[in-house]
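Trainee: Residue-level listing of the chains:
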Amino acid sequence: MKAFFSFQTLVLVGCSLFVLYLAGIPLLMLLYGSFRSAPIGEPGAAYTIQNYVKAYFDREFYFLFWNSLKYAVGTCAISFLIGTYLAWINERTNTPLKKLFMVMSLIPFIIPGILSTIAWILLLSPKIGLINLAVKGLLGLESAPFNIYSMGGMVWAEGIHLYPLVFLLMSAAFRNMDTSLEEAALTAGSSTFTTFRKVTLPLMRPAMFGVLLIMFVRGIEAFEVPALVGVPAKISVFTTKIFLAIHQFPSDFGLAGAYAVTLLVISTVGVLIYQRITRGEERYATVTGKGYRPRVIDLGLWKYVTCASAFLIFFLAVVLPVFILLWSSFIPYYGVPSAELMAKLTLANYKYILNYPLALTAFKNSFYLSVGSATLVMLLTSVIAWITVKSKLPGRIFLDNLAFIPIAMPGIVLGVSLIWVYLTLPIPIYGTIWVLLLAYITKFMPYGIRTASASMIQINKELEEASLTSGGTWFQTFRKVLLPLLMPGFVAGWIYISIISLRELSTSILLYSYNSTVLSIMAFDLWEGGQYTYVCALGVLMVLLLVAMAYTARRLGARLGIQA
Amino acid sequence: MADKRQMVQIESLEKYFGEDKERVHVLKGISLNIPEGSLYTFLGPSGCGKTTTLRCVAGLERPERGKIAIDGNPVFASGERVYVPTNKRPIGMVFQSYAIWPHMTVFQNVAYPLTIHRRPKSEIKKRVEDVLRIVGLHGLEDRPAPKLSGGQQQRVAFARALVNEPKVLLLDEPLSNLDAKLRVQMRFEIKALQRRINITTIFVTHDQSEALAISDQIAVMHAGKLIEVGTPHQLYSRPTRKFTATFLGLTNLIEGKVIEMGGDSKPGRIETKKGILSFIPATSLGRNQAAVISIRPEHIPVHKEKPQGLDNVVEGTVKEAIFMGDAYHCQIAVGDMLLAVHTHPFLNMSPGEKVYLYLDPQSCNGLPAEDTEGMDETMMGD
Chain A
6 MKAFFSFQTL VLVGCSLFVL YLAGIPLLML LYGSFRSAPI GEPGAAYTIQ
56 NYVKAYFDRE FYFLFWNSLK YAVGTCAISF LIGTYLAWIN ERTNTPLKKL
106 FMVMSLIPFI IPGILSTIAW ILLLSPKIGL INLAVKGLLG LESAPFNIYS
156 MGGMVWAEGI HLYPLVFLLM SAAFRNMDTS LEEAALTAGS STFTTFRKVT
206 LPLMRPAMFG VLLIMFVRGI EAFEVPALVG VPAKISVFTT KIFLAIHQFP
256 SDFGLAGAYA VTLLVISTVG VLIYQRITRG EERYATVTGK GYRPRVIDLG
306 LWKYVTCASA FLIFFLAVVL PVFILLWSSF IPYYGVPSAE LMAKLTLANY
356 KYILNYPLAL TAFKNSFYLS VGSATLVMLL TSVIAWITVK SKLPGRIFLD
406 NLAFIPIAMP GIVLGVSLIW VYLTLPIPIY GTIWVLLLAY ITKFMPYGIR
456 TASASMIQIN KELEEASLTS GGTWFQTFRK VLLPLLMPGF VAGWIYISII
506 SLRELSTSIL LYSYNSTVLS IMAFDLWEGG QYTYVCALGV LMVLLLVAMA
556 YTARRLGARL GIQA
Chain B
462 MADKRQMVQI ESLEKYFGED KERVHVLKGI SLNIPEGSLY TFLGPSGCGK
512 TTTLRCVAGL ERPERGKIAI DGNPVFASGE RVYVPTNKRP IGMVFQSYAI
562 WPHMTVFQNV AYPLTIHRRP KSEIKKRVED VLRIVGLHGL EDRPAPKLSG
612 GQQQRVAFAR ALVNEPKVLL LDEPLSNLDA KLRVQMRFEI KALQRRINIT
662 TIFVTHDQSE ALAISDQIAV MHAGKLIEVG TPHQLYSRPT RKFTATFLGL
712 TNLIEGKVIE MGGDSKPGRI ETKKGILSFI PATSLGRNQA AVISIRPEHI
762 PVHKEKPQGL DNVVEGTVKE AIFMGDAYHC QIAVGDMLLA VHTHPFLNMS
812 PGEKVYLYLD PQSCNGLPAE DTEGMDETMM GD
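Chains as they are written, first to last, in the working numbering: chain A, 6 to 569; chain B, 462 to 843.
Heads up, some of the hints might be wrong.
[Claimed, not checked] Calculated pairs, DMTMM-like style, for lysine to aspartate or glutamate (alpha carbon to alpha carbon, straight line, at most 20 Å):
1) A/Lys397 to B/Glu522
2) A/Lys395 to B/Glu480
3) A/Lys485 to B/Glu602
[Stated by the list, open to error] Covered stretches of chain B (chain A as the covering partner; in silico rule of three or more C-beta atoms under 8 Å from a C-beta of chain A):
4) 550-558
5) 568-579
6) 619-628
No lab work stands behind these hints: they were computed from the structure. Quick caveat: nothing in here was measured; it's all calculated off a predicted structure. Virtual Cβ for every residue (Gly too), placed ideally from N, Cα, C.
Let's have the full structure, built from the sequences with the hints guiding it.
Mentor: The structure is reproduced here in structure tokens:
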């Protein structure tokens, strides 16, 4: 009471205002911009609904809508089927070697979307695709059996890249299910199949529906595959349409805004439904409470079939793409693996990349941005999570929701919004690395808040109170008790955010300038320039950097965290 | 007691939880004084407000109204807008979960309050060693906290609470996480420790036997109100409130109406369904008032033949007699009323047997039948 402007108040108010600024301003400016007839600074700008009229009365809009929908639903279906199947094998069956599954499923997380897209083009392109050529040769076909430049090809490339997320979420869902509920049904006399139908499935339904929605939203906001495959194939979705509206000359910011708002509405609806579902699920989870050992189903001889199928999936999703990227990075000109090319393996691509004038800038920028945004996001969200989980301050629910808003903002939409923000507000950071940093912090804040609140909830309130009753101030308590206890979650969140920052493309592509180029942009430009082998070398270096960062963070975290 | 200094003074404490419609009145004007050097227990069923009161003393909860002073210095006063934050209060606290920080060793945990106050290294080392010796954990300084047993964790929690020599030690159900045997052993240890360092201690528990065993004084609480304060002996054998009588141990209640209050060494008279009985009325009772007699099962001698020359003898039939080793626990029907009676194990009791119960007037405590109000101001003085 006596010191109103205590350090605690300052930190709490400061962080809250920062979140309000990060999440709120872009939304407002996006709406504002979509109702303007010309960008800021240009004379004669006025309020108008012309952008929406132009967007919605265009026949193309409905193709766009239909394509986006097909793309999202297809992606969702493929990733869900593969991910759930693997999760089920992993958690609930006695399939051999299943310990390897988790590791194998995590590998695709490390591969940036742009690289995985490029890998699949190199595998499934009708002319140069490795798989196409192999199948053609084996079966003596006239024409290529697969074509990546089609809706089916796009959906496959996206789905196979996204399934690890489904795998992780569904594994958790299978693991958290109280199997005594199933056992109760079995002891009540129902068969395994009836039990599955009447007990397991209804219990899993909220989790499944939630995962489907996430994948749908991921599909609708995907950028890499639509840009690299869809644009040449003339299959447009919302994200690429927005990108093109800004990249054409002259840029149509108003139209991009109108499309962006539309896309935002779709993904927001998805996220809202998802939140409603999972909220119910969490409540349910607390009722069942304890961690039960899942009942493992004995598959008999079928277990070898499930094992083989899992390895086939990993072969497709991990081994082939990684192989083609590695192969392409070591050859002087692009070609399918052959004895002739084997003799010509070279490090020239790596040398080229390392001597490429922009490469050093891009590496530095990407590194600083990824370390900076991961650290700032985790610090910021730790404070926010303390407010929303531990304090009884008024408005904490609002703050929590606010920090979560960006999850519904597709990267490209965030890009459009931030263009409006920094062309309007008198903050001279447009075109610098700072605008990218703010963009990354905004975009990844929801992931941070998730990990931070999850770890915060696990910390018994009495651990903090013990510090207060020992004479510790709020800040001392936060630094000496909470942060060390949060460390494992903090590090996990940090690793995740630094990885997704390093591969971020869809927001950066609207906000970068020559001096603030990042690695993913460089890869995009090299690809557009047709320099396939260079892109692959750059990609391999990116992945190595990611692995090194994740490894270092883990080591550091282990030193700082609890040795339990 | 009267000449002792009051270490903690609590006055008309009011506390609400929740907002708007879900607002719950959890403390309804709690006032009490805790003498220096005493072990003072807040006892009551869960939800009675005992832990909330303790947390208000610690500053972990902020009451809406009232005053709290520690050693004469106000730490909270709603009128004067005084609120000393937890970390500035001269307290040490042991939590129900012990709250031992898992990322620190025993030494780091115990040294924390001293580190916070930036004491010199040598002093910290010495004081931590001393306090660990007191709680019997000497030599375990470098043990990581997660590698401690429940009993050891509790000792660390005590050491941490005591190391900075606080004026008041706050104990929030510290025994509830231990297994039954250790719990009984720790009662004695806490009592011995408290006596040795003579620290004013507030002990919160819902376990009445724990409260009886350990306390100098007990404050019985119920539904956010203070019911009665007294020594364990007073509260058990001469409760003045029906709630105290029923909450502390087992008792039999017989309803009636006061005919005569008695006085000096003469017992009062009360009319019940079992006839007119002699009893010791509480001072708050008056003539013609509805009252209940509370009599403990172990205070009812059983006779197989009707005893001669005694008042307060009723006739009953044994319904059930369970052998407990140290006693028979019997249910005896007296008319339409069932009385719980504990008898000597050598006195063979069998169901259906006719017996005579002597309700010794000295053991019949007359209490007000209505027991909805909290403790009133006049009862506060003693």
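Trainee: List in ascending order the numbers of the hints, as given earlier, that are violated by the structure.
Mentor: Hints that this structure does not satisfy do not exist here, as all of them hold.
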